[in-house]
Amino acid sequence: MSLGTFARTLVRLAVVALPIAGVSVAVAAPASAAGTVCVDSSRSGQYSSQVGQAIQVWNQSVRNVQFRAGCSGGIAIITVGQISGGSQYRGDMRGHGTIYIDISQVNQGYLPLRVVAHEMGHSLGLYDNYSGPCSELMSGGGPGTSCRNYTPNAAERSRVNQIWAGRALSGTENAVFVYAR
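Using the working numbering, you'd call the opening residue of the sequence shown number 42 and step up by one each time.
I should point out that these hints are in silico values taken from the structure, not numbers from a laboratory.
Predicted, not measured: the structure shown is a model, and the values here were computed from it.
Note that the Cβ used here is the ideal one computed from N, Cα and C, for glycine as well.
Watch out, some of these pointers could steer you wrong.
[To be verified] Cβ-Cβ distance ranges computed for the label pairs, FRET-style:
#  : residue 1 : residue 2 : range
1  : S145      : Y171      : 29 to 37 Å
2  : I144      : G207      : 32 to 40 Å
3  : Q87       : G126      : 18 to 26 Å
4  : S145      : S172      : 32 to 40 Å
5  : G150      : N170      : 14 to 22 Å
6  : G207      : G185      : 33 to 41 Å
7  : A206      : Q149      : 36 to 44 Å
8  : S90       : C112      : 15 to 23 Å
9  : T139      : Q107      : 17 to 25 Å
10 : Q97       : S176      : 16 to 24 Å
11 : G111      : S176      : 27 to 35 Å
12 : N148      : G207      : 38 to 46 Å
13 : C175      : G114      : 19 to 27 Å
14 : V121      : A195      : 27 to 35 Å
Let's have the full structure, built from the sequences with the hints guiding it.
Given below as structure tokens:
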């Protein structure tokens, strides 16, 4: 018998035997299959509709995590006139942090919905791949301003579902990601 099997057997026996002996036992309910990331878009300015659209895109694309608008404690989306390096995400890649939308960058011709959805991808644990094709949301500004794709591809969706199912990226990682120009 392996050590893991032995330990599980002991726990089961304790859960059954302790109540018989008059000891109260609390057993935790299984964690929810889906995580929730709160989105505060109160400072997203003229890009508030793109934030709502990006939430819908991600919520329809992945099953193990969902964005919820109008709550705090998750990610905040802020519109700024210009920020060094362009639009970016600063946070823990676990649904906590700040997304800065650089107006001057969007004015260069980048699709605002793609920028917002891309930065939200970082909050779910995805990294940049600037050398990737336009079909990869996380290629960011690499493909240039002509790229109009704002949906994660199959590999990106799978990676997010894997991360939020608890099978990848254990621990917290603090990161800053920039939507490259």
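Going through the earlier hints one by one, which of them does the structure break, listed in rising order?
1, 4, 13
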